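I would like the entire structure built from these sequences, with the hints used as guidance.
Residue numbers (my numbering), protein chains in the order written: chain W, 99 to 555; chain S, 99 to 555.
Think of the hints as simulated: they come from the structure by calculation, not from any bench. Computed from a predicted model, the values in this text were never measured in an experiment. There may be inaccurate statements among the hints.
[What the hints assert, rightly or not] Simulated restraints, written as ranges between beta carbons of each label pair:
| hint | chain 1 | residue 1 | chain 2 | residue 2 | range |
| --- | --- | --- | --- | --- | --- |
| 1 | S | T514 | W | E330 | 53 to 59 Å |
| 2 | W | E237 | S | T514 | 56 to 62 Å |
| 3 | S | R317 | W | A256 | 37 to 43 Å |
| 4 | S | H328 | W | D440 | 43 to 49 Å |
| 5 | W | P489 | S | T234 | 33 to 39 Å |
| 6 | S | H156 | W | P520 | 32 to 38 Å |
| 7 | W | T234 | S | A362 | 37 to 43 Å |
| 8 | W | R260 | S | E215 | 57 to 63 Å |
| 9 | W | E285 | S | H328 | 47 to 53 Å |
| 10 | W | E208 | S | P489 | 24 to 30 Å |
| 11 | W | G492 | S | T514 | 39 to 45 Å |
[Said to hold, decoys possible] So these bits of chain W aren't anywhere near chain S, every CB distance computed over 10 Å:
| hint | residue |
| --- | --- |
| 12 | R317 |
| 13 | L329 |
| 14 | G492 |
Glycine included, each C-beta is placed from N, C-alpha and C at the ideal position.
Protein chains: 2
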Amino acid sequence: MNGHPARPPRAGIVITGTEVLTGRVRDRNGPWLSDRLLEAGVDLAHVAIVGDRPADMHAALAFMAREGLDVVLTSGGLGPTADDLTAEVIGSFQGREMMIDAALEGRIAEILRPLAERYPNFDREAIALGNRKQATIPEGATVLEPVGTAPGLVVAPAEGSRGPTIVVLPGPPRELQPMWRQALATEAWRAAITGARVYRRRMLRLFGIPESEIAETLRHAEREGVDLAHLEITTCLRGGEIEIVTRYEPGAQDAYEAFAQIVATRHADTLYSVDGTTVDDQVAALLRGEVLASAESRGQGGARRTIAVAESCTGGLLLARLTNPPGASAYVLGGVVAYSNDVKVAQVGVERETIERHGAVSAEVAQALAGGARARLGADVGVGLTGIAGPSGGGDEKPVGLVWTCVVGPEGASLTRSARLPGARPDVRERAVTVAMHLIRRLLAGGSPEKKFRPAH
Amino acid sequence: MNGHPARPPRAGIVITGTEVLTGRVRDRNGPWLSDRLLEAGVDLAHVAIVGDRPADMHAALAFMAREGLDVVLTSGGLGPTADDLTAEVIGSFQGREMMIDAALEGRIAEILRPLAERYPNFDREAIALGNRKQATIPEGATVLEPVGTAPGLVVAPAEGSRGPTIVVLPGPPRELQPMWRQALATEAWRAAITGARVYRRRMLRLFGIPESEIAETLRHAEREGVDLAHLEITTCLRGGEIEIVTRYEPGAQDAYEAFAQIVATRHADTLYSVDGTTVDDQVAALLRGEVLASAESRGQGGARRTIAVAESCTGGLLLARLTNPPGASAYVLGGVVAYSNDVKVAQVGVERETIERHGAVSAEVAQALAGGARARLGADVGVGLTGIAGPSGGGDEKPVGLVWTCVVGPEGASLTRSARLPGARPDVRERAVTVAMHLIRRLLAGGSPEKKFRPAH
Chain W
99 MNGHPARPPR AGIVITGTEV LTGRVRDRNG PWLSDRLLEA GVDLAHVAIV GDRPADMHAA
159 LAFMAREGLD VVLTSGGLGP TADDLTAEVI GSFQGREMMI DAALEGRIAE ILRPLAERYP
219 NFDREAIALG NRKQATIPEG ATVLEPVGTA PGLVVAPAEG SRGPTIVVLP GPPRELQPMW
279 RQALATEAWR AAITGARVYR RRMLRLFGIP ESEIAETLRH AEREGVDLAH LEITTCLRGG
339 EIEIVTRYEP GAQDAYEAFA QIVATRHADT LYSVDGTTVD DQVAALLRGE VLASAESRGQ
399 GGARRTIAVA ESCTGGLLLA RLTNPPGASA YVLGGVVAYS NDVKVAQVGV ERETIERHGA
459 VSAEVAQALA GGARARLGAD VGVGLTGIAG PSGGGDEKPV GLVWTCVVGP EGASLTRSAR
519 LPGARPDVRE RAVTVAMHLI RRLLAGGSPE KKFRPAH
Chain S
99 MNGHPARPPR AGIVITGTEV LTGRVRDRNG PWLSDRLLEA GVDLAHVAIV GDRPADMHAA
159 LAFMAREGLD VVLTSGGLGP TADDLTAEVI GSFQGREMMI DAALEGRIAE ILRPLAERYP
219 NFDREAIALG NRKQATIPEG ATVLEPVGTA PGLVVAPAEG SRGPTIVVLP GPPRELQPMW
279 RQALATEAWR AAITGARVYR RRMLRLFGIP ESEIAETLRH AEREGVDLAH LEITTCLRGG
339 EIEIVTRYEP GAQDAYEAFA QIVATRHADT LYSVDGTTVD DQVAALLRGE VLASAESRGQ
399 GGARRTIAVA ESCTGGLLLA RLTNPPGASA YVLGGVVAYS NDVKVAQVGV ERETIERHGA
459 VSAEVAQALA GGARARLGAD VGVGLTGIAG PSGGGDEKPV GLVWTCVVGP EGASLTRSAR
519 LPGARPDVRE RAVTVAMHLI RRLLAGGSPE KKFRPAH
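The following block contains the structure:
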């Protein structure tokens with residue numbers, strides 16, 4: 099129960115598992131749950147990572163209870179083996195006896211049946227034991243139906259006790275994520291977050307401006323009388339892109355729209371997403387011939403287009419990113435990773451003289467790569483990318499981080515840009531791909547690209 | 099001070115920053131520090147992630163103190179602006195007054211000078227204020243010299259108090275990591291971990307066996323009389339590879355060697371690394387013509403070899419992984435991402451009839467891709483990879499996850515394998531690349547591959 103309905107409920111997350119604690123496995127649940135809590139109007143105060151020792155898990159829960167948190171989410175430790183201890187620790191922490199839920203035991207057995215049939219040499223007794231263990235839950239807990247074989251739980255403190263309600267979720271993200279929806283619908287969850295306000299959450303994405311300009315825009319919005327007090331705005335710089343996330347109560351919708359309008363006006367050249375879509379989403383949609391929601395290209399949706407790439411310093415990362423979405427084979431024909439100059443000449447048709455005269459990292463070679471990829475693979479759109487990823491190979495005139503990108507489309511449409519990217523080799527490679535994705539988007543979305551891109555040097 | 103010299107010192111890590119707490123930025127320091135603590139013989143008990151609220155940071159520190167931890171490491175919150183509060187919170191927590199370290203202030207000013215010269219329109223007063231703020235430290239703290247502009251700190255509890263010694267480190271990994279070495283050398287750190295034993299840490303890497311066989315090998319080692327009681331063995335399954343990490347005191351070296359020998363004997367076909375090297379390290383070394391440390395290929399080092407790839411369902415990920423190490427341009431010529439069948443024919447020279455007769459996902463097409471990549475790009479080694487990454491495109495005979503890989507080398511050497519990989523599209527792509535890396539390694543390292551690979555179906 100939330101004793102202070104005037105403030106948002108506060109939450110903690112406890113990630114369990116020695117493999118996560120020791121960094122051998124990366125936790126993907128904490129960040130995901132943190133976004134979901136934001137949407138649910140719950141403030142996240144603490145994340146704790148603990149190993150598989152019950153005493154440490156208990157200590158982390160006690161810490162969060164002492165902090166007065168209203169809800170705690172846990173992930174992991176719900177497997178069938180004896181070292182998966184979360185349910186038992188939570189039961190004891192909440193002062194509830196453990197009991198076997200016979201109906202649940204039967205449902206888990208149903209889930210396990212095909213597995214046992216497929217692998218007849220599995221130990222049947224071990225399976226039955228694990229089945230029973232997973233059906234042993236704290237008395238009075240709300241069961242969240244298994245997505246894999248592990249049920250989740252929502253466990254309030256025992257009658258007469260105080261403390262957080264605990265939502266117990268499995269470790270694998272593909273099980274945890276659907277189960278979260280179930281948890282939200284339970285009476286126990288709703289009771290725990292009484293007083294939570296409903297928030298809206300919107301994201302603006304920009305590319306190609308420094309973060310400091312957003313700070314200036316916020317000051318400008320304030321001067322213009324936009325009521326920023328009811329908008330919770332956070333900006334984040336990520337791989338050269340800026341994300342502006344705003345959380346607000348429905349009553350502040352007008353304030354948000356006024357703010358978003360100021361961003362759109364001041365940053366018309368660099369704001370590319372107002373609906374949460376990424377540049378990857380937009381490039382895929384444009385290649386499929388879909389209409390984008392963003393203002394710039396409204397109504398621009400058109401024909402499906404195929405794409406081919408010739409990339410050098412990024413070594414396949416651009417093609418890997420383009421082929422990442424399911425269904426990419428409908429529009430990605432493929433490409434050439436032209437790491438050596440010989441491959442640029444033989445496989446893409448770049449003239450050796452162009453390389454000799456301008457150097458492999460040049461506008462001319464980027465253009466020849468784009469044109470060659472388009473022509474040789476018979477694609478509608480061709481992309482060329484060449485640069486110096488480092489750590490060696492840079493010079494005064496062409497330093498590490500210099501990248502040239504070119505995109506050519508039908509009817510002679512073409513954009514060529516250079517960028518000087520900061521960071522070490524992996525950063526340069528990653529960011530060069532992001533630069534290319536934005537250039538592809540810009541060519542496909544139309545608009546007036548020349549005035550919209552600032553030359554990098 | 100560690101009051102229980104008989105047990106290893108225990109540590110906690112506090113990661114600060116609202117961006118990390120809310121999952122907008124991924125923490126890379128926790129896993130790194132956790133490995134370093136393991137090496138230093140310190141047990142990691144808790145990781146806490148907190149936002150930029152001083153009260154939450156204080157609560158996390160109090161929790162770790164109550165848990166009786168000997169040392170706490172913090173990362174982040176050391177910047178020049180007023181919302182970077184870590185030093186102040188730590189000072190107050192340890193009962194130490196804040197003071198300006200004038201000498202440190204001068205050293206930071208020296209670091210900032212070139213910055214101020216390069217950007218003359220930066221606000222000089224703001225820089226001076228930030229400089230002073232970063233030189234304001236808890237009285238009696240040991241200063242760790244700045245790597246960027248932020249100094250780190252080692253702060254013991256005030257005279258007469260009990261509690262953990264706190265090592266205060268900056269957030270950016272490139273600053274935190276070198277500073278950690280400084281921290282290890284301080285008197286304050288050594289005093290805090292009195293009684294820490296020195297541990298050795300070794301890693302064995304295997305590919306192509308289920309984790310359960312390692313459990314069986316552990317039982318076998320026990321039956322053979324290996325003293326496992328003094329070895330702390332953890333196994334971890336990661337992307338189809340198994341890592342066996344063993345930590346032990348120097349006195350248990352014989353026990354470790356006996357254990358490692360049993361693994362080497364029982365898993366001769368799948369153990370590929372005994373020295374911590376990854377398959378990526380080994381493939382790069384073999385292509386550079388270096389000698390591997392692993393037993394299998396001892397003395398096999400030889401000529402430098404160039405490599406070319408034609409990949410389909412992995413869409414560039416294999417080439418991206420091969421070109422990841424600095425200096426890869428010395429041996430990676432490039433390759434073709436042959437996503438469409440037309441590209442397989444036109445760019446790699448696969449016969450259309452081969453595709454029609456056997457299907458694009460087949461041993462024959464994988465071989466034609468490998469041979470084509472090798473011939474067309476003039477490489478010593480050619481790799482072909484074709485498969486079904488899903489979610490669609492699979493059938494009964496050729497399900498999602500089926501991948502064929504082929505590696506061809508000089509003098510007709512050739513290996514072709516299929517695998518059926520579990521998971522969703524990104525998992526299949528990632529794992530297919532790992533399978534290919536191991537096949538490349540096997541061809542280059544020699545040995546007797548036929549008996550060493552189990553057919554996948």
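Are P489(W) and T234(S) spaced within 33 to 39 Å by their CB atoms?
-> Given about 36 Å between the Cβ atoms, the range holds.
For R317(W), which was marked as not at the interface, is the minimum beta-carbon distance to chain S over 10 Å?
-> Given that every Cβ of chain S is farther than 10 Å from that of R317(W), nearest at about 15 Å, it holds.
Outside-interface status for L329(W) - nearest CB in chain S farther than 10 Å | holds, 16 Å
Outcome for the supplied range 47 to 53 Å, where the beta carbon pair is E285(W) and H328(S) | holds, 52 Å
CB of E237(W) to CB of T514(S), is that within 56 to 62 Å?
-> Given a distance of about 58 Å, which is inside 56 to 62 Å, the answer is holds.
At the C-beta level, are T234(W) and A362(S) separated by a distance inside 37 to 43 Å?
-> Cβ of T234(W) to Cβ of A362(S): about 41 Å, so the range 37 to 43 Å holds.
Given the range 32 to 38 Å, decide if the beta-carbon distance of H156(S) to P520(W) lies inside it.
-> holds, 35 Å
Since G492(W) was said not to touch the interface, does its Cβ keep a gap of more than 10 Å from each Cβ of chain S?
-> Since the minimum Cβ distance to chain S is about 12 Å, G492(W) lies beyond 10 Å and the statement holds.
Range agreement (Cβ of T514(S) with Cβ of G492(W), hint 39 to 45 Å) = holds, 40 Å
Consistency of beta-carbon spacing, A256(W) to R317(S), with hint 37 to 43 Å | holds, 41 Å
Note whether the CB distance of E208(W) and P489(S) lies within 24 to 30 Å or breaks it.
-> holds, 26 Å
Is the hinted range of 57 to 63 Å satisfied by the C-beta distance from R260(W) to E215(S)?
-> holds, 59 Å
Violated hints amount to a single one, hint 4; each of the other numbered hints is respected by the structure.
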